[in-house]
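Fit chain Z to the given chain H structure using the hints.
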Amino acid sequence: MIQIAALIALGLLAVAALLCLIRMIRGPGIANRIVALDTLLLMVVSGLALQAAITGEDTYLDVMVVAALLAFTGTSMVANFIERRRP
Amino acid sequence: MIEPIASVLLVAGAALALLAAIGLQRFEDVFARMHAATKPATLGLILVLSGAGLMLPIPGAVAKLVLVILLQFITAPIAAHLVGRAAFRTGKELSPETFVDEGAEYINTHPRLIEE
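Here the protein sequences line up with chains H and Z, keeping their order.
By our numbering, the letter at position 43 of the first sequence is numbered 43, and the numbering carries on one by one without gaps.
To convert, count from 1 in the second sequence and add 87; that's our numbering.
Chain H extracted, bound-state conformation:
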């Protein structure tokens, strides 16, 4: 049962990540892209949690912590970069 649920959830996440990717490619502008990238990383973390739930391994959990931290660092860095450009 959990396997089927996890498969459905992975499918939903895949569609969501695809939509995020489309937004990331189409833009317009760097702010849209960084918002899409942040959401995409959230979905990566969700997918890792699903994988951990399916396999019962706890190695994925450390990767999740790192991915969540990287999402924040990257987003705030790019925000800084946008702000320092000439308007």
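FYI, nobody ran anything at the bench for these hints, they're computed from the structure.
Since the structure is predicted, the reported quantities are computational estimates derived from the model, not experimental observations.
Please note that the accuracy of each hint is not assured.
To spell it out: a stretch of chain Z is covered by chain H in this simulated footprint if at least three of its residues, at any positions, have a beta carbon under 8 Å from a beta carbon of chain H; those stretches are [claimed, not checked]:
# : stretch
1 : 89 to 95
2 : 99 to 105
3 : 126 to 134
4 : 137 to 147
Glycine included, C-beta positions come from ideal geometry on N, C-alpha and C.
Leaving out everything else, chain Z in the frame of chain H:
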């Protein structure tokens, strides 16, 4: 009994993530998209992590999941605020359909933009 609950949590979380992505496609400008992207995605992440926490039998696992949730709770508003402020200060991200712009005076008088 735990397994059905975990399944429902996992699917509900993934559905919320899909909603966030649809909002990212359908909304008009960065600020509306940010609104769609941050909140449902965070709630979806929490649901998925709760479901995974129910399924993992390892003792230390729940602590790490709670750590991820806490990180997300602390950093998501900060990141959204930073991106929103930066996008607003560039001055060209607002949708043309916006009809109340309370930051309009602020953006012209801000010292950082004047010195450039």
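Query raised in the report: Any of the earlier hints contradicted here, and which numbers?
Result: When the structure is compared with the hints, none of them turns out to be violated.
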